[in-house]
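Sequences listed follow chains P and S, in order. With the first letter of the first sequence counted as 1, position 60 gets the number 60 in this note's numbering; the numbers rise by one all the way through. With the first letter of the second sequence counted as 1, position 172 gets the number 172 in this note's numbering; the numbers rise by one all the way through.
Hints may contain errors.
What the hints assert, rightly or not - Chain S side only, calculated, beta carbon under 8 Å to chain P, not exhaustive:
#1 162
#2 165
#3 169
#4 206
#5 209
#6 212
#7 213
#8 217
#9 243
#10 264
#11 266
#12 272
#13 285
#14 290
#15 294
#16 295
Calculated from the structure, these hints are not laboratory results. Using N, Cα and C, we set each Cβ at its ideal position, and we do this for glycine too.
As a plain string of letters, each chain reads:
Protein chains: 2
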Amino acid sequence: MLKNDLFLKALRGESVTRPPVWIMRQAGRYLPDFLALKHKYDFFTRCQTPELATKITLMPIDQIGPDAAILFSDILVVLKAMRIPVEMKDGFGPLIPNPIRTKQDVEQVIVPNINENLGYVMEAIKMTQIEINNRVPLIGFAGSPWTLLCYAVQGQGSKNFDKAKAFCFSQPNLAKTLLQKITDTTILYLKEKVSSGVNAVQIFDSWGGLLSPKDYNLFSWPYIQQIVTALKDKTFVIVFGKGCWFALNEMGKSGAAALGIDWTCSARNARYLSGGNITLQGNFDPSRLLSPIPEITKEVYNMINEFGKDRYIVNLGHGILPNIPVDNAKAFVDAVKSYY
Amino acid sequence: MLKNDLFLKALRGESVTRPPVWIMRQAGRYLPDFLALKHKYDFFTRCQTPELATKITLMPIDQIGPDAAILFSDILVVLKAMRIPVEMKDGFGPLIPNPIRTKQDVEQVIVPNINENLGYVMEAIKMTQIEINNRVPLIGFAGSPWTLLCYAVQGQGSKNFDKAKAFCFSQPNLAKTLLQKITDTTILYLKEKVSSGVNAVQIFDSWGGLLSPKDYNLFSWPYIQQIVTALKDKTFVIVFGKGCWFALNEMGKSGAAALGIDWTCSARNARYLSGGNITLQGNFDPSRLLSPIPEITKEVYNMINEFGKDRYIVNLGHGILPNIPVDNAKAFVDAVKSYY
Chain P
1 MLKNDLFLKA LRGESVTRPP VWIMRQAGRY LPDFLALKHK YDFFTRCQTP ELATKITLMP
61 IDQIGPDAAI LFSDILVVLK AMRIPVEMKD GFGPLIPNPI RTKQDVEQVI VPNINENLGY
121 VMEAIKMTQI EINNRVPLIG FAGSPWTLLC YAVQGQGSKN FDKAKAFCFS QPNLAKTLLQ
181 KITDTTILYL KEKVSSGVNA VQIFDSWGGL LSPKDYNLFS WPYIQQIVTA LKDKTFVIVF
241 GKGCWFALNE MGKSGAAALG IDWTCSARNA RYLSGGNITL QGNFDPSRLL SPIPEITKEV
301 YNMINEFGKD RYIVNLGHGI LPNIPVDNAK AFVDAVKSYY
Chain S
1 MLKNDLFLKA LRGESVTRPP VWIMRQAGRY LPDFLALKHK YDFFTRCQTP ELATKITLMP
61 IDQIGPDAAI LFSDILVVLK AMRIPVEMKD GFGPLIPNPI RTKQDVEQVI VPNINENLGY
121 VMEAIKMTQI EINNRVPLIG FAGSPWTLLC YAVQGQGSKN FDKAKAFCFS QPNLAKTLLQ
181 KITDTTILYL KEKVSSGVNA VQIFDSWGGL LSPKDYNLFS WPYIQQIVTA LKDKTFVIVF
241 GKGCWFALNE MGKSGAAALG IDWTCSARNA RYLSGGNITL QGNFDPSRLL SPIPEITKEV
301 YNMINEFGKD RYIVNLGHGI LPNIPVDNAK AFVDAVKSYY
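Required output: the full structure, derived from the provided sequences and hints.
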């Protein structure tokens, strides 16, 4: 039995004394212990070694005390499993040496056997659940098909992912074949995560907000909907689309248990646009954690008052930034815990 | 007398047979003639030499035929005039060698004499108006105070302008002093542009959408409103805030003649959020110009049908990308001209 089930209560829509809190990217980046590990093991070694992933996942639980853990991993492990090699370069980010551009490229992409190719994630989940020892629930995650296509086609990070978009706009059927392969893989992957023991899953559509609403409905949303439909009876699904305020209404009707909100969408707009009945998660501006601590505390209280304490999960509006002092991250979590 | 006053008619809210069209950043970047000039003269030489600015401004008028010209310049010339040195590095973008961070830094920033420091812009306007010879109206522009602060404090381009935000969040009064100096300068600058002969002005708040609505109302909007209020009885003011859908209601009541809309906000949402009575400008996804030409034509027709032909100015939802073929930009303009 979970000792702290606030997060699951919020996902079920049950009334709580205070909302639960966790932080996107809480395991990594800004934590000194993580940075020490980073110097010893490269990026994918950290993801692919269950002992390391477990250790990193637990760091924020012990050090800043959120109400949920999220497995340390990366959305790009799915591309690697699909036979799209990915490298992570320090100070540059992900690099796909052979980006997907042609029919032949797309044909060579496989829907892999999950346990053969991503078994290390399942091991990390089992190991992490033992270490968490029922203190808090564990979240698993995946990138949205569109967001993964962005990297697979562009070949690297980008301000506008123009090559990925040009690929979709000029070869829409080819794009859809690739998106479907990623979707099929992601469904298998998340189902296996649930079997391995995660208590909820989150889909990150980090680049959905680069699309017009019309293109979002062509190249992103239908694939996320497939994933939600396939998973919603097995676990809680949280959908987070950065910059996707325009899709909140559709998302609210999708069967997702909760929706992630970024900081450009006020609580009031988010409640209104999502239909008012679904649990929302967010939406503190990650840069606002650079404010003085008393200011952080005050703004967290304001945020909870605006969203309301029920059907609400406190979080940032995107991942925590690498330059955030641990004390400020802790102040964010502590503010929620002191709310009454 | 202007031979083509469609653009001014749309700004006045008059009925038109087809909407006017121009393209943000139409003068530069993707035009082969511009790229040839770029190899001969550095960035600020192009801005500061009236003959070159005039030549570049006219290029798209002759080559792709939009219904308005926009003076070739850069939002950062205002920072330079305020004694904040700016360099433009190829493949890197703007660099501010001594970013503004302290009280002393802010104190050293001046509200300059416009004609002494930005006289070259006024000369370029007069020269351009002679060359345009009443074919189309001429737009002048400025960056929003918040967007200029972003560069002045961050010191360079950024995904999240975290240093600029940390400056505002930790030293809000100092930030406001700097924003006010930029605002005062911008008002003088735009008034002088109007006296020199521009037919309308546009304020670019390129980074307003990085702020939460609450922070936008602290650090961006009040300064834009001051500029609109100071200019609105002298010329048409267009306000474009990228990602600022949440502020459209406030913008609609500001006295601006038109509002720029990015491609993540549908025509219907834009009309609804802005109050339904103001001229809107936008909002084709710049990457959509990488679509095949028949697709561009079709999507332009759809867009006009959705916004409606009146109180509407066709444009992209942000600046044209450097990798757009001239033929595709021309197809965009031609599609509007063939609309009936």
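In rising order, the numbers of the hints this structure does not comply with: 4, 8, 12, 15
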